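First to last, the protein sequences are chains A and B.
Going by my numbering, the first sequence opens with residue 1, and the numbers climb by one from there.
Going by my numbering, the second sequence opens with residue 1001, and the numbers climb by one from there.
Calculated directly from the structure, the hints in this document are not laboratory data.
Values in this document were obtained by computation on a predicted structure and should not be read as measured data.
All C-beta atoms, glycine included, are put in the ideal place defined by N, C-alpha and C.
Heads up, a few of these hints could be off.
[Claimed, not checked] So, partial list: chain A residues that the calculated Cβ filter (under 8 Å) puts toward chain B: (1) Ser161; (2) Leu165; (3) Gly280.
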Amino acid sequence: MAIHNIGLLYDTHIDDQGRKAYDGKATTEAAIDKLNAEGMDWTVHGGDIRTLATKTLSDIDWGGWEGKSDNEFYKSDFSWMKDCLDNRLNGPYYILRGNHDRPVSVLRDVFPSADYSVPDDNGRTDTYWGVEEKDGVRYVYLDTNPSPGYHVDTQTQAYLSSPQLSMLDRLMDQNSSMPTFVFIHANAVKHTELGGLSEGDWTTGANGNYYMTANHLAIQRRLERGSTVLVNSGHKFEDIGRGSRTKNGVTYVLSRHLVHPRDPNYDGDVRWLVVDTTAGTATVHYYDVGANSEGTITSISW
Amino acid sequence: MDEIERREFIESIAISGLFTIEKDGDDDFSDDIFELEDGGPSSLVVDDQASRSEYEPEQNRLFLARDSENRGKISIGDGDEWVAVDSTGPDGGFKTVEAEREHITNESQVGINQGEGHANINRRDPVPKSDKTLVSRDYRSRSGVELITSVPVAPDADINQTDTGIVDHFAWEVPVSAYTGVPDYGIMYATISGYVHNDTDGETISLILRGEAPTINVTFDNNTAQQFMLPFAELTDYRDGDGQARKNITFQATVSGGTGIIRQGATFNVFGER
Chain A
1 MAIHNIGLLY
11 DTHIDDQGRK
21 AYDGKATTEA
31 AIDKLNAEGM
41 DWTVHGGDIR
51 TLATKTLSDI
61 DWGGWEGKSD
71 NEFYKSDFSW
81 MKDCLDNRLN
91 GPYYILRGNH
101 DRPVSVLRDV
111 FPSADYSVPD
121 DNGRTDTYWG
131 VEEKDGVRYV
141 YLDTNPSPGY
151 HVDTQTQAYL
161 SSPQLSMLDR
171 LMDQNSSMPT
181 FVFIHANAVK
191 HTELGGLSEG
201 DWTTGANGNY
211 YMTANHLAIQ
221 RRLERGSTVL
231 VNSGHKFEDI
241 GRGSRTKNGV
251 TYVLSRHLVH
261 PRDPNYDGDV
271 RWLVVDTTAG
281 TATVHYYDVG
291 ANSEGTITSI
301 SW
Chain B
1001 MDEIERREFI
1011 ESIAISGLFT
1021 IEKDGDDDFS
1031 DDIFELEDGG
1041 PSSLVVDDQA
1051 SRSEYEPEQN
1061 RLFLARDSEN
1071 RGKISIGDGD
1081 EWVAVDSTGP
1091 DGGFKTVEAE
1101 REHITNESQV
1111 GINQGEGHAN
1121 INRRDPVPKS
1131 DKTLVSRDYR
1141 SRSGVELITS
1151 VPVAPDADIN
1161 QTDTGIVDHF
1171 AWEVPVSAYT
1181 GVPDYGIMYA
1191 TISGYVHNDT
1201 DGETISLILR
1211 GEAPTINVTF
1221 DNNTAQQFML
1231 PFAELTDYRD
1241 GDGQARKNIT
1251 FQATVSGGTG
1261 IIRQGATFNV
1271 FGER
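Isolated chain B, as found in the complex (with noise of 0.2 Å):
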């Protein structure tokens, strides 16, 4: 009764999915929660598998189906196309490992069933229920804020400053339109999470997030890995009071010399309520 699923996909493709599953196809897969190992696709997206096509088969670039008829199914971009990825799992999805119990975030707003040979996480509907993409700006959450998803950044990125004093930077797109589809979900945030650290005495590391938000610009000065969180940046705006999702959010870092690392399992987060 009170089992989570851990379903793994191929290591191949170097993921697990860590999966709490509503009923027997239902296609919200708002409840995923992914655990993308290094190496890994670089972003999610969940839809249904006809709608595929609708996106770019980026490399490493990752596809869930959502829809009845293939869920669970993972596609993966070449950068040309997608390719369709095997699985150890039942109906080319996934298979069980074991359960998980403590990744259930707040247990006291969840019910649990046991499905036919799946677990069942039922979660008591939002309210107010918007008829947009997103809950209205005055929906009153059940739950605390939650881990949507997680994506690696850069593992082992090196941002260095040249001889002539030019400041390379390392940037990267965040998908963003990947995660704030979702319905259901109140206000969204993302933000970075890791290790940084640069190599040289009184040289600095920044860290930048940069879109429609403000910009979350942060400045470490350690010379050895240290732990970090930015701030959260808001992925939905509600100032008119229906929400509508951001874009182009573009996370970078700067040097003012030496040699500045983000330390692999760096990654991007969501968060979220409802």
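Chain A extracted, bound-state conformation (with noise of 0.2 Å):
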């Protein structure tokens, strides 16, 4: 048994060529300067290295930014991503798709899924998601923008496609009772489900399941068949507060978005786990970038 630190970097949006007036940079390396005095065993990225904006703000592109056909732009904002996260940050670590992080193939350019992702139950090695077993836990890596398709009303719709669901039935299915860590982008629970948010139901506006993944009830009802402990998710980049929410023996955890879209002078959260498999105890820590503050979002127990 052992106790295990795993960094947990979301949304670092990094915009290398000056497109918005934020590029996530001097955000993610702080992020990382800290993860590092933490020490970390490894880290995930869970999602939006890159910002899918255009010189025009407040546009998304989905490809050939101003003309462009050879993906400079794409390549250029993962791989400063890349070259940081090989050079900056101790210890390895995992990559989450993102709805940012796009074209795949360019992604899939810089980070190979078999390099830079865990493999799926039957031992697949070309998704980003995944599960690993490490001294008695269980951690699961779940891409909510799996693929090309899998996109429901919107271009940046989250969804957890079938194959990752049933890798969830599988798993239950062989040991409901292992304590379960999940990652993941996009939230797998309506946020007014966390309790003590502010913030309206986000099921309700034109983009409002955009905010969370369609299919979220599909992951809880797979979730809540085993012991999972533990779902952290980025994604929603509004300053809605940190948090966490049991629903079902599951808790899910919010904190500030680390780099935010709207505002250039925010900078907001990156968290750190910490599971101590001999006592069955498990913490999220927060290290706030704007603020240099640091505290605890949620502690449990198993």
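From these two lone chains plus the hints, build me the complex, please.
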């Protein structure tokens, strides 16, 4: 048995070409420095490595920015992040895919899934989702933007594919008592269900489902079949505070978005998860980059 | 080589059928995408013509034959019996109007061939294929999630609260069985989308999707029409490994006061993967 220190670096939104009023770089570097200072065994980049913005600040471009066909700009963002992770971050890291991490072909060029993702339960390495077990604890990595074709009502709609849900079912069939931790980009729970948050119901807007995984109830049902301890997500970009909510035995964690797409002066949270497999405890810590302050979001035991 | 036919039924039943067509004679209609227009059928059944009598001919219910002999023939329920509907198309079916290339949701996953006067889409078989009605839970889909069908919910339905404070509610039984018998789909979901609002300040309208799946309840407090799409409710259950279709999902709407309005064009949608 052991203690696992896991860095949770979500939503860096790197812009290496000056398209936005923020580029995410200094915030990301400060977040990585904090993870190094705390000492991580491994780090999860939880998605939205880059920003899908054009030079027209309000627009999102799905390809061919300014007519470039060689993916120059996309490569630049991903490559900056890879250089930072390789040379600044201590320890290994895995990549989850966020809705901004497109084109996926370029993501694969820079971060091949075979090298930067764990295999699924059948040993496949061609996806950015999978599972690994360490010291009696299970870590599940899910991809809410799994591939072209998995988009429901908008190009950015988060959705968990059937093969991933089937993997969750199989894992719970095989061992429903193993403590399980989940990393996922888009939320697997409505944030109004997190409690204590002032924001209204996210499902009520035209893009309400954008803020969560469209089939999040299907995810929850499967997580509830086993001993799922914590689910850590990112994605929601307004500052809606920190918190957690336990729903049917599964605790979902909310933190402040690390790099804010709308406010260039905003620096949010980097998190890290400490799992003590002997004591059966887990704690999610945060470091607020902008405020230079830190604390605990939630602690849980099993 | 890259056309999909758009085939229209006669206007009197107020629908258009947008087909992605299998090989001629194929009895598999699982690629069909129907756009049912306002005032059109309330639900759709796809089965062999010989099985038509097994379904209740509910008012405005649509029956689409899938066997090779009767493929594409339409009947509509009048409450007592199925009434065959004539069409301006060939063989009493439908006619070709125009190509709708953009309705291929994931063109990298399909091959397109031109048949005898028809546009054909041949999908690769999903693997592994199940001998059950639904594919196995461990099925690995080839393409992404796609819209299987969409039917109107309640054009201009008003939901009022009475003076006595009792909330009237609108409820619509979703004909789940009409959709979940489609083979070769993985997990299927239902959702409602459209525009909704309450006409009174401070009052709300709640939309509820209730059934065997977890209840979804979303409340809206806006006074002008707002677009929405409810979270997905599973129409299939794979907890025991093999797929089982859920049934008896009901869509309800209630108001805290005033009048809630589900705008014309709200639809019940079924999504699935294969």
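Hints and how they fare:
no.: 1; hint: Ser161; verdict: holds, 7 Å
no.: 2; hint: Leu165; verdict: holds, 6 Å
no.: 3; hint: Gly280; verdict: violated, 27 Å
The structure does not agree with numbered hint 3 stated previously, though it agrees with all others.
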